[in-house]
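Use these hints to put chain D onto chain G, whose structure you have.
In the order they appear, the protein sequences are chains G and D.
If you read the first sequence in my numbering, its first letter stands for residue 1, the second for the next number, and so on.
If you read the second sequence in my numbering, its first letter stands for residue 1, the second for the next number, and so on.
Worth flagging that the hints you see were computed from the coordinates, not collected in a lab.
Note that the coordinates shown come from a computational prediction; the quantities given were computed from them, not determined experimentally.
Heads up, none of these hints are tricks.
Below, simulated SDA-like cross-link-like pairs (lysine to any residue); rule was C-alpha separation at most 25 Å, straight line:
#, chain 1, residue 1, chain 2, residue 2
1, D, K148, G, D370
2, D, K169, G, Q189
3, G, K57, D, S120
4, G, K187, D, N308
5, G, K156, G, T123
6, D, K148, G, S378
7, G, K70, G, S350
8, G, K338, D, R132
9, G, K338, D, K84
10, D, K169, G, Q191
11, D, K169, G, F291
12, D, K169, G, Q185
13, G, K156, D, T366
14, G, K70, G, T236
15, G, K57, D, H46
16, G, K447, G, G284
The primary structure of each chain is shown beneath.
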Amino acid sequence: MSASRLPALLIVFLLVTSVIGALMFAESDKDSTSLKEATGVFPTSLADINTHSEAPKLAIQTWETQAGTKVLFLPTQQLPMLDVRLTFNAGGARDGELAGLARLTNAMLDQGTEQLDVTALATAFENLGADLSLDSYRDMAVASLTTLTDEAILDKALALFTQVLTEPSFPQESLERLRTRTLQQLKMQQQTPGPQLSRAFQAALFQQHPYAQPTLGTESSLQQINTDTLRHFYNTYYTAANATLAIVGDVSREKAETLSERITAKLPAGEAAPTLAQAQPQAGSHEHITFQSSQTHITLGNQVVGREHPDYIPLYVGNHILGGGSFSAILMDEVRQKRGLVYGIYSNISPMAAAAPFTIQLQTANNNKDDALALTLSLLKDFIAEGPTESQVALAINDLTGSFALSTASNSALVGQLSVIGFYNLPLDYLANLHHELQQVSAQDIKAAFAKHLDPEQLVMVSIGPEAPDWDKQNEQE
Amino acid sequence: MPKRVLLLALFVVLQSTFAWASSMSESRTYSYTLDNGLDVIVREDHRAPVVTVMVWYRVGSIDEPAGMTGISHMLEHMLFKHTKHLTPGEYTELVARYGGRTNAFTSYEYTGYYQEYEASRLPLALELEAERMANLVIHEDEFYREAKVVHEERRQRTDDNPNALAWEKFAAILRPGTGYAHPVIGWQRDIEGYEPSQAMHWYEQWYAPNNAVVVVAGDVNAEETQQLVQKYFGALKTKNLPHRPAPQLAPPAGERRLNLQLAVQVPTLYMGWNVPSLATATDDEDFYALIMLAGVLDGGYSARIESNIVRGQRLAAGAGASYQGVAREDGVFTIRATANPDVSLTLLEKKLIEEIELIATTPPSTTELERVRAQVLASKVFGQDSVFGQAMELGYYAMANIHWQEADKFADKLAQITPDMVSKVAQRWLIPERMAVAHVQPQLKEEQ
Numbered sequence: 001m002s003a004s005r006l007p008a009l010l011i012v013f014l015l016v017t018s019v020i021g022a023l024m025f026a027e028s029d030k031d032s033t034s035l036k037e038a039t040g041v042f043p044t045s046l047a048d049i050n051t052h053s054e055a056p057k058l059a060i061q062t063w064e065t066q067a068g069t070k071v072l073f074l075p076t077q078q079l080p081m082l083d084v085r086l087t088f089n090a091g092g093a094r095d096g097e098l099a100g101l102a103r104l105t106n107a108m109l110d111q112g113t114e115q116l117d118v119t120a121l122a123t124a125f126e127n128l129g130a131d132l133s134l135d136s137y138r139d140m141a142v143a144s145l146t147t148l149t150d151e152a153i154l155d156k157a158l159a160l161f162t163q164v165l166t167e168p169s170f171p172q173e174s175l176e177r178l179r180t181r182t183l184q185q186l187k188m189q190q191q192t193p194g195p196q197l198s199r200a201f202q203a204a205l206f207q208q209h210p211y212a213q214p215t216l217g218t219e220s221s222l223q224q225i226n227t228d229t230l231r232h233f234y235n236t237y238y239t240a241a242n243a244t245l246a247i248v249g250d251v252s253r254e255k256a257e258t259l260s261e262r263i264t265a266k267l268p269a270g271e272a273a274p275t276l277a278q279a280q281p282q283a284g285s286h287e288h289i290t291f292q293s294s295q296t297h298i299t300l301g302n303q304v305v306g307r308e309h310p311d312y313i314p315l316y317v318g319n320h321i322l323g324g325g326s327f328s329a330i331l332m333d334e335v336r337q338k339r340g341l342v343y344g345i346y347s348n349i350s351p352m353a354a355a356a357p358f359t360i361q362l363q364t365a366n367n368n369k370d371d372a373l374a375l376t377l378s379l380l381k382d383f384i385a386e387g388p389t390e391s392q393v394a395l396a397i398n399d400l401t402g403s404f405a406l407s408t409a410s411n412s413a414l415v416g417q418l419s420v421i422g423f424y425n426l427p428l429d430y431l432a433n434l435h436h437e438l439q440q441v442s443a444q445d446i447k448a449a450f451a452k453h454l455d456p457e458q459l460v461m462v463s464i465g466p467e468a469p470d471w472d473k474q475n476e477q478e
Numbered sequence: 001m002p003k004r005v006l007l008l009a010l011f012v013v014l015q016s017t018f019a020w021a022s023s024m025s026e027s028r029t030y031s032y033t034l035d036n037g038l039d040v041i042v043r044e045d046h047r048a049p050v051v052t053v054m055v056w057y058r059v060g061s062i063d064e065p066a067g068m069t070g071i072s073h074m075l076e077h078m079l080f081k082h083t084k085h086l087t088p089g090e091y092t093e094l095v096a097r098y099g100g101r102t103n104a105f106t107s108y109e110y111t112g113y114y115q116e117y118e119a120s121r122l123p124l125a126l127e128l129e130a131e132r133m134a135n136l137v138i139h140e141d142e143f144y145r146e147a148k149v150v151h152e153e154r155r156q157r158t159d160d161n162p163n164a165l166a167w168e169k170f171a172a173i174l175r176p177g178t179g180y181a182h183p184v185i186g187w188q189r190d191i192e193g194y195e196p197s198q199a200m201h202w203y204e205q206w207y208a209p210n211n212a213v214v215v216v217a218g219d220v221n222a223e224e225t226q227q228l229v230q231k232y233f234g235a236l237k238t239k240n241l242p243h244r245p246a247p248q249l250a251p252p253a254g255e256r257r258l259n260l261q262l263a264v265q266v267p268t269l270y271m272g273w274n275v276p277s278l279a280t281a282t283d284d285e286d287f288y289a290l291i292m293l294a295g296v297l298d299g300g301y302s303a304r305i306e307s308n309i310v311r312g313q314r315l316a317a318g319a320g321a322s323y324q325g326v327a328r329e330d331g332v333f334t335i336r337a338t339a340n341p342d343v344s345l346t347l348l349e350k351k352l353i354e355e356i357e358l359i360a361t362t363p364p365s366t367t368e369l370e371r372v373r374a375q376v377l378a379s380k381v382f383g384q385d386s387v388f389g390q391a392m393e394l395g396y397y398a399m400a401n402i403h404w405q406e407a408d409k410f411a412d413k414l415a416q417i418t419p420d421m422v423s424k425v426a427q428r429w430l431i432p433e434r435m436a437v438a439h440v441q442p443q444l445k446e447e448q
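For reference, chain G alone in the conformation it holds in the complex (with noise of 0.2 Å):
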């Protein structure tokens, strides 16, 4: 959670180092299967691979801690280096009158406990050269850490992270700096169009439900947290039973459990958060932000379904190939690649505990702004009613199952995949029922979710810029 930290070593990095991404594209209505008769023998290599992928086979163990933590366990060998989740569910969406209040307890954590002061804490980890970090999201809250398993280490850094997680002693001196920090946050969110977008599309969509408030909170907000308030939520939620622990590493399954028993013991009693109310899709609305930048930026979406539906899997690889994957989508090549208007245009899900927003989001120079919303609106019209070509389903299908292999490669992937499964209560085969499902998915699925899920008549529109775009404009593209 070093929220002013981390952006600050990171836009040096990345003008040091300017990582900068390259455009794509695809012409989407080709056949995916006529390429190699097209260009002759190239690519040559085409003769000794296939598309064939494996279903990714995923031996997570499960079990529940005395204190009532679900607990989700996958051993690997190779290195010599463990990584231990706990997520709880206590993420923004439990701020209730206090926006920011989720985000400030998780960030308070390593702020101290019982037995040591923030320099004692973080110089202990440090010695060690064990990581601990703390996110906050929408949903989760998250306390991870990341050791190596040597036996003088392994034991050191989870007593650490269990006095974090158990004994944290919330100082006076730590909520006064870390208040101030996210106030000059809240500042700085003020001197570019994008987090400013964000947060008022996040209102606009959201409504009264919990997920519309701004996780960082406001200026008011933050004045009226107190440590009385932060132990408060803490006791509230971060509970043995409100918590999923995901485990993967070089350790085996009789040390794994001890763990997992000593760092949930001693977590305050309490139970399960209650289930939030689903989110409701909104009448069609558009707002704008008047803002001095060289470029326009624009939002839109609106409610579709998450995992627990049907529905979701057709969504899913529908938005893959209409603006999900980032480089032969329908939205990158014909806003970017045949026109030139954007340098990102991109659309997706984001399926959540009680809510599942579809959205695009565009940023373009402002004398673009009309041309660029009226043509993406017409190409998610169009799309919702012709539906997807045979073809871009095949590829999309190729595509999503065809890169598994790459989503479990390593220690940190696959801590997150057992998170996110323990934490949405996700069957242990969901990766491997995931490429079984892709596989059987037909253009003809893909127009349905789309056409019973999503209204292009009633979208969200948010736009940051010194002019609103013409909401109305109807496309002239060729």
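Just chain D now, kept in the frame of chain G:
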């Protein structure tokens, strides 16, 4: 709390170390040069059935003449479009059909391309990279359309972000008179004036097997990989590359100061010193001691800047120091801080200088150095978790002309650095004559 030791993660930990890890990586990393001059580095890692293929070219923005700034990056964009055997869209479609991910990055010193796949796709990745190395086609209309995209990219990354804009202006005085003084993405006026012939000329000049490094990491067999690399790249012709002067340490440029009024809400301070890199240091010890100095100042949440400036005196909402000593030419030591309310940048600068002076006059404790070493050792193991990360690291060192076996010895060399040596590099290099400072303040409000 910092996720990893950020400074280390960025500049040191892209390395190798640790006794057993060192011997292990030696036994499974292979490097050789083809007859046409192409360098190849292969790391076998059989933990997961994946492969990363990268090609790094030794050309970046520091090589660009005035008027053509950003052309390396513009060319990078064009290399995803049209080649002799592929029309626009086909490359992307091939990568997608085989479940791959692909992208590229341009930096001061290099341009790199990558593909990641399930491991059996290795031959395709190599064949596509060989095509990219030798067979670019540029069509005028595609070129000008892509220049518009790059223009949008610049607006998005730099022009609408006052901190990025400030960094760009600061970088221009940090290493004056060198290729590092202009931005990787290029000045706007240059982007507006690009011609297709400039990009093609740049390609013909620098894209050659003897100016590139192929890195393959993952679940591959080194011998089979060698045969495949030979098959796809072996016939490409060596080129005569433009002459490059040997890297040299720049003499002190004199103290440089910049006062900027930009659309920021929070005042920000940038400080930097041009210092030796491993390539330009007359004594390698300076390189290792500067790494330790950066670690003492900002090797994590318990380091001095966090403990004293952010927590103790509460002068900054965030602050950090870093040393980039792995470079083709000179190195740079930088500090960046965002001020807390009612703290002037002058005071913040003064207190940061005091931290440096304290180290210069009083050697840091051995426990501080041990902490940095512990972090380096741990990060070495953590760094092996990702095949992609390992390929990045191998290419990154190769671009700075540091052999991976030499990089493997970094931790041992860091272990020999004493507190006195850390004091000495602070005294010797972080001096006003080598310093550039930028104060970034909010714009004055117009009178109502």
